[in-house]
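Model the placement of chain B on the given structure of chain A, informed by the hints.
Each chain, written out:
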Amino acid sequence: KTKGIEKSVWVEFIQLALEVKPLNLGQGFPDFAAPENVRNALSRVCNDEQNVLLNQYTRGFGHPRLVTALSKLYSQELERPIDAMNEVLVTAGAYESLFVAIMGLVNPGDEVIIIEPFFDCYPPQVKMAGGVPVFVPLRPKKCGGVTSSADWVLDPAELSAAFSSKTKAIVVNTPNNPVGKVFSRAELEMIADLCKKHNVVAIMDEVYEWMTYTGEQHIRMANLPGIWERTVTIGSAGKTFSVTGWKIGWTIGPKNLLAGPKVVHQHSVYTCTTPVQEAVALGFEEELARRDTPECYFKSLPAE
Amino acid sequence: MADDAQASRTLSSAAAKSIWNDMDVLFREFNPVDLGVGCPNSAIPSRVRQDLIDAVDGQDYSVHQYTRGFGHPRLTKALSSLYGPLLGREQLDPALNVMVTWGASDALFTCIMGLVNPGDEVIIIEPFYDSFLSQVLLAEGVPVFVPLRPKMPKISSSADWLLDIDELEKAFTTRTKALILNTPHNPTGKVFSRTELEDIAALCRKKNVVVFSDEVYEWIVHDDLEHVRFASLPGMWERTVTLGSAGKTFSVTGWKIGWAIGPSNLLQGPKYVHQNYGYIICTPVQEALARSFERETRLLREGSSDCYFKELQTLCQKKRDQIACVLEKAGLHPIVPQGGYFILADVRDIMSKVEVGGDPTEPKDVRFVKWLVRNRKLQGIPPSAFFSDQHKSIGEDYVRFCFFKNDRTLDQAIPIILNLTSGDV
Numbered sequence: 076k077t078k079g080i081e082k083s084v085w086v087e088f089i090q091l092a093l094e095v096k097p098l099n100l101g102q103g104f105p106d107f108a109a110p111e112n113v114r115n116a117l118s119r120v121c122n123d124e125q126n127v128l129l130n131q132y133t134r135g136f137g138h139p140r141l142v143t144a145l146s147k148l149y150s151q152e153l154e155r156p157i158d159a160m161n162e163v164l165v166t167a168g169a170y171e172s173l174f175v176a177i178m179g180l181v182n183p184g185d186e187v188i189i190i191e192p193f194f195d196c197y198p199p200q201v202k203m204a205g206g207v208p209v210f211v212p213l214r215p216k217k218c219g220g221v222t223s224s225a226d227w228v229l230d231p232a233e234l235s236a237a238f239s240s241k242t243k244a245i246v247v248n249t250p251n252n253p254v255g256k257v258f259s260r261a262e263l264e265m266i267a268d269l270c271k272k273h274n275v276v277a278i279m280d281e282v283y284e285w286m287t288y289t290g291e292q293h294i295r296m297a298n299l300p301g302i303w304e305r306t307v308t309i310g311s312a313g314k315t316f317s318v319t320g321w322k323i324g325w326t327i328g329p330k331n332l333l334a335g336p337k338v339v340h341q342h343s344v345y346t347c348t349t350p351v352q353e354a355v356a357l358g359f360e361e362e363l364a365r366r367d368t369p370e371c372y373f374k375s376l377p378a379e
Numbered sequence: 168m169a170d171d172a173q174a175s176r177t178l179s180s181a182a183a184k185s186i187w188n189d190m191d192v193l194f195r196e197f198n199p200v201d202l203g204v205g206c207p208n209s210a211i212p213s214r215v216r217q218d219l220i221d222a223v224d225g226q227d228y229s230v231h232q233y234t235r236g237f238g239h240p241r242l243t244k245a246l247s248s249l250y251g252p253l254l255g256r257e258q259l260d261p262a263l264n265v266m267v268t269w270g271a272s273d274a275l276f277t278c279i280m281g282l283v284n285p286g287d288e289v290i291i292i293e294p295f296y297d298s299f300l301s302q303v304l305l306a307e308g309v310p311v312f313v314p315l316r317p318k319m320p321k322i323s324s325s326a327d328w329l330l331d332i333d334e335l336e337k338a339f340t341t342r343t344k345a346l347i348l349n350t351p352h353n354p355t356g357k358v359f360s361r362t363e364l365e366d367i368a369a370l371c372r373k374k375n376v377v378v379f380s381d382e383v384y385e386w387i388v389h390d391d392l393e394h395v396r397f398a399s400l401p402g403m404w405e406r407t408v409t410l411g412s413a414g415k416t417f418s419v420t421g422w423k424i425g426w427a428i429g430p431s432n433l434l435q436g437p438k439y440v441h442q443n444y445g446y447i448i449c450t451p452v453q454e455a456l457a458r459s460f461e462r463e464t465r466l467l468r469e470g471s472s473d474c475y476f477k478e479l480q481t482l483c484q485k486k487r488d489q490i491a492c493v494l495e496k497a498g499l500h501p502i503v504p505q506g507g508y509f510i511l512a513d514v515r516d517i518m519s520k521v522e523v524g525g526d527p528t529e530p531k532d533v534r535f536v537k538w539l540v541r542n543r544k545l546q547g548i549p550p551s552a553f554f555s556d557q558h559k560s561i562g563e564d565y566v567r568f569c570f571f572k573n574d575r576t577l578d579q580a581i582p583i584i585l586n587l588t589s590g591d592v
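Quick note, the sequences are listed as chains A and B, same order.
Just so you know, we're using the working numbering here: the first sequence kicks off at 76 and counts up by one.
Just so you know, we're using the working numbering here: the second sequence kicks off at 168 and counts up by one.
For the record, the hints were derived by calculation from the structure and aren't laboratory data.
Any given hint could turn out to be false.
Said to hold, decoys possible - The calculated lysine-lysine pairs, modelled on PhoX-like cross-linking and capped at a C-alpha distance of 25 Å, are:
(1) 520/B with 496/B
(2) 321/B with 559/B
(3) 520/B with 559/B
(4) 344/B with 202/A
(5) 485/B with 496/B
(6) 184/B with 330/A
Note that this is a predicted model, so its numbers are computed, not measured.
Okay, chain A solo, but in the shape it has when bound (with noise of 0.2 Å):
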């Protein structure tokens, strides 16, 4: 099963990083300090000596104060109302997410569509699950001058091609990693005609929701009409909150989506560590309460 997926560009450049010393703008986190209220969150839990069940299990599929704060984060964002208890699985990380929503979806045979450039660890998941990746790439529009992440595009003709009565769901990541493109409302229109048309799931990587510059407006999938059915929606604490070393992350969508997807998780990972959880719902509910103020981390951070 491991076969065809032992490289890991991570494992290799990590290690040269550590050999040579480079200045380190490759790997994808802050070395800026995260953001004081959220490590006075974290601060905060773990001096707790009166909650005690802070520290031992909690909720499988997610930490009760955390669902619920995700759920009513996203009902906002989504405009339709996310049921905390069926409709969020917190994971450790998006990573997860990613692995059980391929584990949990993807049965041997099927094809999975995969916009590239792709962040890595996509092609092998879906190998894991015995899936076949099937490449659709962003090119570049112009080659001269100065160029925006939005010349990056999909050929439509190309991406409908790809397609096929075996496709069982595409991933897509917006905003891109690593070219940096928000996809526009007409691009997520366009793929989720084709996933209509072809009874396809759509896995939608938006770790970066919140880093949108100037002017961008990130586009949510699920938000588009009739998509909701068919799509899972993941984010990331780490990219949220600028703490890439708690690990925590969810997966937002229907029900029947999320089956899969759990059974994977509650074998794996089972449940996720209880304090951190806490500190993430705390962040969230501080978050949430400003939400309409420039002091918001969602506002700040991009602006930073």
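Showing chain B alone in chain A's frame:
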């Protein structure tokens, strides 16, 4: 989207979950005294708590960012120092021989996914921690069950759960890839003896299989018995992955950190799997655990009574003895565990005295446990759930209780147990 969205590998595992869903529903409705779930409900050890506070409140903010994949260096180094001598190795390489995971269950999942191919057989000694089966199924392996059986006619110690070595030998085929061992054992509390393990080792060597040794309760061994680490047996290091758990070691089940220790070639496959979904584990908690291990390893080597591992064992043994006494008085004959924090009790006599009712198609212990929640507001776990279908009848004469609970919980449970036949709640 149709209901066939779910991948087929998840379907049989999902079906097996129904007993836990039933229990969950009952638990919420009746709010029983909980001797079911296997985790403590007391404050965590104060020094361990301080380790986490120090890590999180320190001036080094890098503790909130990614650390090394496969394990935070300070932690893998601490684990190597502790486990090297314990596993009979002169030296362990922290980078090659240790992989940190999201708890021991994740370590086992990763090892199975990384070493078991579709169609490979995996021998599971039953009763088994229920995830073992689901994990083998998710890897599309084929589970082969070999039961522990209680020595007839009646047993009183977990040492009386025995493996028939001939039955075990017959379970091996040319397709057998691995065997899953759990010692100290959940739910029986059996601590496999050196002789028993040597017999298993001889077969594994002869048949050339990999062994996954789940030793999460390694520090909770009572009556001055020895926990024998499977990988320390002659010829076993090269074919064994040993799994451990911070949650069980330091009574911090909510931290969800575990590890797999073994020869580098055996960890290669699991590492490739882990780097594609888990890879980097929570930094602040790993940093805290590194500090805890550094201190406790030193105290262990000094033979200090301050060592938490000693404190933990003493506390668990005290609670074990307390609960065993109560169960005996109540007519629920306890099978005293040699290790771990679970105890099995024989329910047959009680069930001849009370009408538990329930669905006659369900195993006896399931009906008993459901009656216990509804009518006595006490939670236990039915051990038949830890057996394969063909061997469920072995488990259905018992109930499992977790006794590693705070004094208040035990004080609530004791009168309920003593009044089982009389008191309707």
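Here is what the structure says about each hint:
Annotation: proposed proximity of residue 520/B to residue 496/B holds, straight-line Cα distance about 15 Å (limit 25 Å). In summary, the hint linking residue 321/B to residue 559/B is supported, as the alpha carbons are separated by about 18 Å, within the 25 Å threshold. A threshold of 25 Å between alpha carbons decides the hint, and for residue 520/B with residue 559/B the separation of about 23 Å falls inside it, so the pair holds. Of the supplied pair hints, the one linking residue 344/B and residue 202/A holds, its CA atoms being roughly 21 Å apart against a limit of 25 Å.
Of the supplied pair hints, the one linking residue 485/B and residue 496/B holds, its CA atoms being roughly 17 Å apart against a limit of 25 Å. Proximity of residue 184/B to residue 330/A is assessed by CA-CA distance (about 17 Å); at most 25 Å being required, the pair is judged to hold.
Every hint, counting from the list given before, is met by this structure.
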